[in-house]
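Colleague: Residue numbers (the working numbering), protein chains in the order written: chain A, 20 to 326; chain B, 20 to 326; chain C, 20 to 326; chain D, 20 to 326.
Treat the hints with care, since some could be wrong.
A pair counts as met if it fits within one copy or between any two copies, since identical chains are not told apart.
What the hints assert, rightly or not - Derived lysine-lysine pairs resembling DSSO-like cross-links, with alpha carbons at most 30 Å apart:
hint	residue 1	residue 2
1	K190	K290
2	K49	K235
3	K190	K114
4	K197	K290
5	K114	K192
6	K165	K190
No wet-lab data here; the hints were simulated from the structure.
4 protein chains.
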Amino acid sequence: MPTILGQNQYGKAENRVVRVTRDGDTHHIKDLNVSVALSGEMEDVHYSGSNAHVLPTDTTKNTVFAFAKEHGIESAEQFGIHLARHFVTSQEPIKQARIRIEEYAWDRIATSDANSRFIGSDEVNHSFVRRNQEIRTAQITFDGEKWQVISGLKDLTVLNSTNSEFWGYVKDKYTTLKEAYDRILATDVSARWRYNWTSDEQRMPNWEKSYEQARKHMLHAFAETYSLSLQQTLYQMGSRIINSRSEIDEIRFSLPNNHHFLVDLEPFGLKNDNEVYFAADRPYGLIEGTVLRDGVEPQIPVDMTNL
Amino acid sequence: MPTILGQNQYGKAENRVVRVTRDGDTHHIKDLNVSVALSGEMEDVHYSGSNAHVLPTDTTKNTVFAFAKEHGIESAEQFGIHLARHFVTSQEPIKQARIRIEEYAWDRIATSDANSRFIGSDEVNHSFVRRNQEIRTAQITFDGEKWQVISGLKDLTVLNSTNSEFWGYVKDKYTTLKEAYDRILATDVSARWRYNWTSDEQRMPNWEKSYEQARKHMLHAFAETYSLSLQQTLYQMGSRIINSRSEIDEIRFSLPNNHHFLVDLEPFGLKNDNEVYFAADRPYGLIEGTVLRDGVEPQIPVDMTNL
Amino acid sequence: MPTILGQNQYGKAENRVVRVTRDGDTHHIKDLNVSVALSGEMEDVHYSGSNAHVLPTDTTKNTVFAFAKEHGIESAEQFGIHLARHFVTSQEPIKQARIRIEEYAWDRIATSDANSRFIGSDEVNHSFVRRNQEIRTAQITFDGEKWQVISGLKDLTVLNSTNSEFWGYVKDKYTTLKEAYDRILATDVSARWRYNWTSDEQRMPNWEKSYEQARKHMLHAFAETYSLSLQQTLYQMGSRIINSRSEIDEIRFSLPNNHHFLVDLEPFGLKNDNEVYFAADRPYGLIEGTVLRDGVEPQIPVDMTNL
Amino acid sequence: MPTILGQNQYGKAENRVVRVTRDGDTHHIKDLNVSVALSGEMEDVHYSGSNAHVLPTDTTKNTVFAFAKEHGIESAEQFGIHLARHFVTSQEPIKQARIRIEEYAWDRIATSDANSRFIGSDEVNHSFVRRNQEIRTAQITFDGEKWQVISGLKDLTVLNSTNSEFWGYVKDKYTTLKEAYDRILATDVSARWRYNWTSDEQRMPNWEKSYEQARKHMLHAFAETYSLSLQQTLYQMGSRIINSRSEIDEIRFSLPNNHHFLVDLEPFGLKNDNEVYFAADRPYGLIEGTVLRDGVEPQIPVDMTNL
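Please work from the sequences and hints to get the whole structure.
Modeller: Dropping the structure here:
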């Protein structure tokens, strides 16, 4: 046979599981989108169609929902660890499991202000509004021995209305751009960071706290960097996280440069003193890069931040 | 000629204007997506292609950006009023202008907490993160005499994890649904409300405050209504606004019923005590309706909340 | 009670039904997305939450799937007529039904060419590839007496690489656009046309043939019109259909002007002789209009082509 | 410094270039979306913000449009080769260029049928309708010595209404799926194939013909495979291409299993003899895999088919 099978995986993608936990009248919700990808001894199903090694994708879906009950959802990462361990340890032909999760955050609807004359605030602790500011991501991979956890976020849109310049660049025959000494810098942050937790022997990070802190450091670095290039801002965002969070060894970003072009108002006899901008869609600059703790091997794939 | 021209309009859609205002070191931003639609004496351009009455859509785009400088953007509504008045009063053939605006809210990036040892908080008042919780909308129509302002929001996702029932409904030969006495009620609110301000003689509402209050009343009514049907919740949301805000006479909602189905875990020997749900995409129930101040004529079109 | 209920409707939206019909080994498929909206005596469910008049949206979903079996799907329009008639005539409180349908076309995968040495062509008459060129739409409304059928299409993208000009327009102080004597004209056609079939007494149009013919006339008129404005092209497209199809009385279009800007290559010492264009996303001109058979009353709502 | 820079790249993404070529009255169009990613000696711009090695993303955009004039667009692949070679050979610090291209196909609008009484068919050879059936993709990478060309397509939706089974799979405690002996098999094909052309010394493939043939073989294999699993179909599609096209050494697929669930019509007293299906959105099975010519090293990244 002149062709052979290479890397392959299968599973049920985008299982939308919502878990409600009741603490008396106070409800908590976790809202996840869970995708399962299994791989192992799967030659036969590709070559002949024999499903003897195939746990159905429908079963992987059922497992997601059953585990939401059996283990609860403490965090996306912890939930993914339960699932990955289960598939690899319970099915002989399955040698590796990769769980990808998106998490949607919800805030409580506050009704306790003075204008709310209808009911007491304690009665609405079951009401939520989706936050939508970013989508949190987690990817958990297990091969029976080692763990890899890569968390992150996407669609977090940020903007500095000043403290950004761009000049001193290479000019060739196709260069027409004018240098800028005060521009808007805006991007939709997509970031993935890898934890150095790889074994059940190690103490597990506090996934929830680590996420909040990584997100905070990223935002602060974006806000506080006087930027001469988006690459410089990227590196500051990454190194701030590596330096502040010992549990994180590597982080990768995709940062589209959401161009805000100063509108030429001179034809109308108006001066545009960095006040009126056109927010462009396409094309956009795209700045991508990895920041690493010195001495560690990079593992986050180049395109992971584009998923 | 056996065919004639009916209603028609034209203009530049989706002008993405961002306006930065500097209050010393503190910057403010307004981020709008503005669509212009003009109508009037436009038979010739349709019948013969004569553009003698046509102000180019490119010019309407330029006007949006120029007005962001000339008038600033106090609110989406006020900005739309400036634009609509200009087109109708400055071009003889244009008899009506309709300005549609989407507004994207931004929050400041807070860096003043104790962990931010890098810079003082006053230095980052030019840094923003997009809120994304909902999209604010405004539609301003002017015919040279009367104003119509319809504001609203869309994509505001809310969820009650209890206090919702559904039973006592009609059963026919195609009915299989089981009655529910404790279900999740979730929806993506799309709402449009009409102001009773119609003339320059009247005192203009405070558009920003009115929006914040309408949004708040909607959320409170959603949270505080013990719901026997999504229609009941819709009516409560609408009447709360009409009763609380004298400047608003009419409101229309499109409320998809974002079904959260309780997963049957019995095959796995597990009890699902309203804990684990499957969040479905399609199909979804769609509940739409208008709530009016008694005695007023409805004006909001049936499909406006689906735009 | 100072507030009252206005127009309201409810039902199950986006029921994705696929119907396979077997004609021996030759299979046929119809692929629809069906949305049901019912209205009638629905005050109670809004005011008090009583569902005594409410046929559940779940039941309307079941009915869609059951009718695909009971009646088959001859055409989107005919299928909608079956559904609308059923809801209005079988439930006393339901006074009007509106069925909206999107249809996705599929082509057969041709395998009969000489390179297909594997099997005979007759064996693959169950294999399809989705066409995707446009989405076909239909809306059927019934109030127990009169029918209204509005069919159409959307997302049909067309382009003329010449035979389009734009000049002779109004110039005001915000006008900077240069006149164009040879430009690209491109748009995504969204059209809705209304049939004059309104009663069971009348002979029903051949919905499938009428769609194909309306689509063809639209494309031909777009291709064959030497355009001085997109409005002129719109009118030609509409009047061609009205003049050619006696069963259609009214048609409305939304035609975004998909701008293709000639790129200025002079800075690079190159001449751009209408060869290289930048295809822009936003903003875009938006030209909307209705063409009517002389003497008929317009019924298609202004925003229907934006749904 | 405890952190270091890892893999990084930058450039202008999503340049929408449309190229019109005139062959007398007959026009031809190429419609591309081109993304440039450059990498090389870029430490300084990340560490200090110095742009001394940075060719602006704006310049890479200009180059795309200028090259559309200078070189024309023979094929997406050939165009990408021109661009990649230019960036790597003209700028010392740039060591690698990766060009990603999406191509949108257009068909001519045929107006030559008997119903077209308006003009002769030769006058409309400048009129096009976008095909939309799939998006063609190409990725060209050059490091100054070796070329890598990975072409492909996405969003090609196909369906077999029979000749698909699924049974004989593993059953664990979470398995509830019933075996299927006649089911719909449907998927949105995303495929990427790698050419063994890697050097200017080799004869270059005919990119246009190779694409058409690869696409054809894929469709035929999908249609002609009696499928016991989607994995089997995937392997047949891949090996058919490798066996038929000597210029292609490797192909990777992502094939979502677009579930079509047979609707249970028994509650309504109806028998569903594989006639009426519910087309589900999420979750979906996701089958991914690489097929290789025996003896070659795989190079296509795992997630490339998910971009």
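Colleague: Cα distance capped at 30 Å. Does K190 pair with K290 within a copy, between copies, both, or neither?
Modeller: both (28 Å within a copy, 21 Å between copies)
Colleague: Within a copy, between copies, both or neither: which one fits K49 and K235 at a CA-CA cutoff of 30 Å?
Modeller: Both, since 21 Å and 24 Å are each at most 30 Å.
Colleague: Give the relationship of K165 and K190 under a CA distance limit of 30 Å: within one copy only, between copies only, both, or neither.
Modeller: between (48 Å within a copy, 27 Å between copies)
Colleague: Is the C-alpha distance from K197 to K290 at most 30 Å within one copy, between copies, in both cases, or in neither?
Modeller: Both ways: K197 and K290 sit 18 Å apart in one copy and 22 Å across, limit 30 Å.
Colleague: When no copy is named, should K190 and K114 be tagged within, between, both, or neither for a Cα gap of at most 30 Å?
Modeller: Close across copies (17 Å), not inside one copy (52 Å); limit 30 Å.
Colleague: For the identical chains here, do K114 and K192 meet the 30 Å Cα criterion within one copy, between copies, both, or neither?
Modeller: between (54 Å within a copy, 19 Å between copies)
Checked against the numbered hints listed earlier, the structure breaks none of them; every hint is satisfied.
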